[in-house]
Amino acid sequence: MALYTEKVMDHFENPRNVGVIENADGIGEIGNPICGDIMKMYIKVEGDVITDIKFKTFGCGSAIASSSMATELIKGSTLDEALELTNKAVVEALDGLPARKVHCSVLAEEAIKAALIDYYNKSGREMPEKLKNFKPHEE
Amino acid sequence: MKVYADNAATTYLSETARTVLIDALDKYNGNPNSLHSDGQLAKEKLEEARQTVAKYINAKNANEIYFTSGGSEADNQALISAAKGLKDKGKKHLITLSIEHHAILHTMATLEKEGFEVTYLNPKSNGIVDVEDVRNALREDTALVSVMFANNEMGAIQPIPEIGALCKEKGVLFHTDAVQATAHLPIDVQAMNIDMLSLSAHKFHGPKGVGVLYARNGIRLINIIEGGAQERGKRAGTINVPGILSLAAALKEACDNMEENMNKVKALRDRLINGLKEIPYSKLNGDPVKRLPGNVNYSFEGVEGESLLLGLDREGICCSSGSACTSESLDPSHVLTGMGLPIELAHGSLRFSLDINNTEEEIDYIIEKVNQVVDRYREMSPLWEDLKTGKRQHYLPE
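If you're matching them up, the sequences are chains D and V in order.
Taking the numbering used here, the leading residue of the first sequence gets 690, the next gets one more, and so forth.
Taking the numbering used here, the leading residue of the second sequence gets 44, the next gets one more, and so forth.
The following block holds chain D by itself, in its conformation from the complex (with noise of 0.2 Å):
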């Protein structure tokens, strides 16, 4: 059995949405160098859409993965649909990762939230209650 299954690696040879945003309405980053993996999420907010998502990503295949599947399940959602998205959702469509590499879906869970809590910050609109008490995992 291969390490990783067949939509993960696809996600990691073609990452979609890589990238920067230029003057992005949100951007999150989660992760440090010590752990081994940072993510950052570039959004474009217009009404309550997310036009556009970009990310860039320091991390193993599944964390490459990951954001790339976590972008491609954002884009073009609304900003109520983007703050449900689940770690759990990111491995369900990339019909699983193993155990030691589901980190890497909450790492874009995570990072979502963080752009979306910046776009809140930056806009001015009134953040949800699920973002006030975000805290992102310590790895």
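To be clear, the hints were calculated from the coordinates, so they are not data collected in a lab.
Where a beta carbon is used, it is the ideal one built from N, C-alpha and C, also for glycine.
Among the hints, erroneous ones may be present.
[Stated by the list, open to error] With a Cα cut of at most 25 Å, we get these calculated SDA-like pairs of lysine to any residue: (1) V/Lys167 - V/His377; (2) D/Lys819 - D/Glu781; (3) V/Lys45 - D/Thr694; (4) V/Lys98 - V/Glu87; (5) V/Lys412 - D/Arg705; (6) V/Lys431 - D/Glu718; (7) V/Lys307 - V/Tyr55; (8) V/Lys45 - D/Glu695; (9) V/Lys434 - D/Asn712; (10) V/Lys130 - V/Gly276; (11) V/Lys431 - D/Arg705; (12) V/Lys251 - D/Leu692; (13) V/Lys412 - D/Met698.
[To be verified] Not everything, but these chain D residues come out facing chain V in the computed CB check (under 7 Å): (14) Val707; (15) Ile710; (16) Ala713; (17) Pro722; (18) Gly725; (19) Ile727; (20) Lys729; (21) Lys745; (22) Phe747; (23) Gly748; (24) Cys749.
Since the structure of chain D is provided, determine the placement of chain V on it from the hints.
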């Protein structure tokens, strides 16, 4: 192109080892402990193999060679025998390196739980331990020093003859895990004052599941597998005759050609090192000269090793990495951090372990693909962006 550059993980069987193995599966199928002619024929071959192994590590007697299931078992038995065998004499202290294989480190940890005290020495930044550090760690109650011959991850060769001489002078047992060194570097257990040594066949083109514990006569081994009188009563279990014959054949073949092989593989290694040097913000880990002929361990700043490894695998190149993501834990290589490498650089490390089967063409292909893959993942890395823009400081010069 398919390039196998992970020979420190395991090698492919040589033609000689394969022929001997397959031949023996039919011809020497008897149990060497059986009294009938089939058994005695197998026994005869087994003892020939024992002689061969003794000859190539220069053991004084063939009866100092104990066949095991591999390097890990040999390591376990060596440490357990030394510790428990000397406990009655009031010796409860062991010395080893922090960069040893886990077969050593985990056994040491178990012995610690049983009341033994272990000193773990860090090597210098080139991956080599200072003999004076070993000398200073010795105590009245030191039972054993166990120092690997050469490191599996970054290839540094330890000062084995010097440590052997020191241990002899102080009357302390000396074990070396020579799994990576055997058949690749000259080994002489008598001249080097090695009391116990572990080796494993599949690291020199022999089969998996077979290895050796050399234990100088006079050392009382303690069984870790009970149940029969095999191997002078010290290692129970029906003897793996085909594996052992194949081990001996592989050892003979590699040792008879050692000089030529070393020169060829060293040239490939240095070609690869010189090629990788051109990549900015990268670094060779481990001593550049006192290293295994085939080992190249490189760190690349701003990228993570597992993504590099998978990226290279996609290009047909098999290698390994010291990143946390390739280990069973979430920590990066204990070897690289043990020699003082910053964690960030340990995460971004790749190991290529070359061998006589590699070619110059393959080395050039590896260099080309590592360049591409490092570029690709640096481009994708927010850490690299921070380094480039000065938001974070580089560890390495350009």
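Original post:
Which earlier hints turn out false for this structure, listed by number in ascending order?
Top reply: Hints 15, 16 are the ones this structure does not satisfy, whereas the remaining hints hold.
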